[in-house]
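S.K.: The residues making up each chain are set out below.
Number of protein chains: 2
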Amino acid sequence: METLSTEKSFDGVQGVYRHAASQTACDMTFAVYMPPQAEAGPVPVLWYLSGLTCTHANVMEKGEYRRVAAELGLAIIAPDTSPRGAEVPDEPDNWQFGSGAGFYVDASEAPYETHYRMYSYIRDELPALVGDAFNLDMSRQGIFGHSMGGHGALVMALRNPDRFRSASAFAPIVNPSTADLSSSAFTRYLGSDQAAWRAYDAVSLVEDGHSFPEILIDQGDADSFLKLGLRPWLLETAVAGTKTELTLRMQPGYGHSYYFISSFMEDHLRWHAARL
Amino acid sequence: METLSTEKSFDGVQGVYRHAASQTACDMTFAVYMPPQAEAGPVPVLWYLSGLTCTHANVMEKGEYRRVAAELGLAIIAPDTSPRGAEVPDEPDNWQFGSGAGFYVDASEAPYETHYRMYSYIRDELPALVGDAFNLDMSRQGIFGHSMGGHGALVMALRNPDRFRSASAFAPIVNPSTADLSSSAFTRYLGSDQAAWRAYDAVSLVEDGHSFPEILIDQGDADSFLKLGLRPWLLETAVAGTKTELTLRMQPGYGHSYYFISSFMEDHLRWHAARL
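The listed protein sequences derive, respectively, from chains B and W. Going letter by letter, the first sequence gives residues 34 to 309 in my numbering. Going letter by letter, the second sequence gives residues 34 to 309 in my numbering.
Think of the hints as simulated: they come from the structure by calculation, not from any bench. A hint or two may mislead.
Said to hold, decoys possible - List of simulated lysine to any residue pairs, SDA-like, C-alpha gap at most 20 Å:
#1 K260(W) to T280(W)
#2 K95(W) to M283(B)
#3 K95(B) to S132(W)
#4 K41(W) to F297(B)
#5 K41(W) to A255(B)
#6 K41(W) to V121(B)
#7 K95(B) to E299(W)
#8 K41(B) to S257(W)
#9 K41(W) to A103(B)
Extracted from the complex, chain B is given alone in its bound form (with noise of 0.2 Å):
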């Protein structure tokens, strides 16, 4: 693991990493906010996923966690959206797919199935290397994520949940399979049977049977992604009558971008702390 950048923060540390990674077959990024409670012991660790055509740095620089998160002494992680690299297939004008797009599958399909392992990049790569180079206890995890990454968010927590103990999303993407954002990649990814798309679905997660005790969603209600591609809404009538408790707020008045994000950060970081 190289440190590509440190910078104190809020009393913590703000550093950039990056590694060479075996499920993605390509050099990965990341950012590591540690705050100063780690200097006197481990810290729990809240992931954060980010969505379309970002990389670690969008919710680094925008996101406005680091005040919190010093204070309730929790590291952040973000990780990279997707593998990248000369040699990952990509379509650098599709936003939709490739790079900045990995919808945190298990790509099946070739010729996306060597490097499209965000999944399990993230659910046991990352985890094993943060766990021996900072001082976190891994006993303690949390996650979050914004859009593309509150769907990863959700589907991490609905199918890890003795992992995780506390799971929320801004304006995530709770159907993908159905949603104009995010079918076609699913189609491109995990190939046309759709049987194998509901491990990856937060909505069919819960139909089939899998749940996490206490999730929260903040959704602007002026997104303009709202209605064909986010539609929390389905997500709440999954969750009717399941041992999955959602709190859905919708914002009045609020977007998609940071701006909403960052007014809601302190928030989610409270209501994560006081779950880990």
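Given chain B, put chain W in place with the hints provided.
M.R.: The following block gives chain W in isolation, referenced to the frame of chain B:
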């Protein structure tokens, strides 16, 4: 004035606007955050001047000012750092001169004197425009900035103590006449007679009898520009025994970036609000 974008954030509105400026003889872009209190009545104004290479966008994206500005009811205005456009003389490969490096002076030298009039643009033209367009109390104005913009804020406050009720800076260039970041640009904008530079140099202005009641400066001691470019101790020496009270806080371990600025943004906003 044209609206380029508006986004709801922390219950207020972050907007970006463009207008044809007469002082700089080009289109100028600027950002305004209006807190929710502006719906009820005029709010005080805090000007933020940015550093070398920046536009209005850097502090807007990375400054983390909206939460506290919304709490305190402050409008935050972030102008650009220079004239820009095909008609504006520039040296694209020089980050210390031309576009992104206006140094908040009114240039006297050809070919820069037509467009590089950032002092008058910030002092006169933009306040007149925003005073008409937004619900602002122009009798309550403060000013702050970073690096080159910290220089601009100190000069603007020291030369216009009746206009501004409060002034502060992050890592300012306090003596640009002798700093490696700025002396070359001063020669080219203002000519080789250094008498003319004194009106744009905080240390010289204090030496020449200008004062401002209270100034707050935060400076990271791990800032790579500290010794050759910033040197806040020169201002500390200059104000000794004068009517200007300087609070200079050296912040251990902090650098020059927005990871530093955002860490102390809340302190500065509360400093200004208490004086506005």
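S.K.: Next, verify each hint and record whether it holds.
M.R.: A quick look at each hint next to the structure:
{"no.": "1", "hint": "K260(W) to T280(W)", "verdict": "holds, 19 Å"}
{"no.": "2", "hint": "K95(W) to M283(B)", "verdict": "violated, 26 Å"}
{"no.": "3", "hint": "K95(B) to S132(W)", "verdict": "violated, 24 Å"}
{"no.": "4", "hint": "K41(W) to F297(B)", "verdict": "holds, 12 Å"}
{"no.": "5", "hint": "K41(W) to A255(B)", "verdict": "holds, 9 Å"}
{"no.": "6", "hint": "K41(W) to V121(B)", "verdict": "violated, 37 Å"}
{"no.": "7", "hint": "K95(B) to E299(W)", "verdict": "holds, 16 Å"}
{"no.": "8", "hint": "K41(B) to S257(W)", "verdict": "holds, 13 Å"}
{"no.": "9", "hint": "K41(W) to A103(B)", "verdict": "violated, 26 Å"}
In this structure, the hints that do not hold are numbers 2, 3, 6, 9, in rising order.
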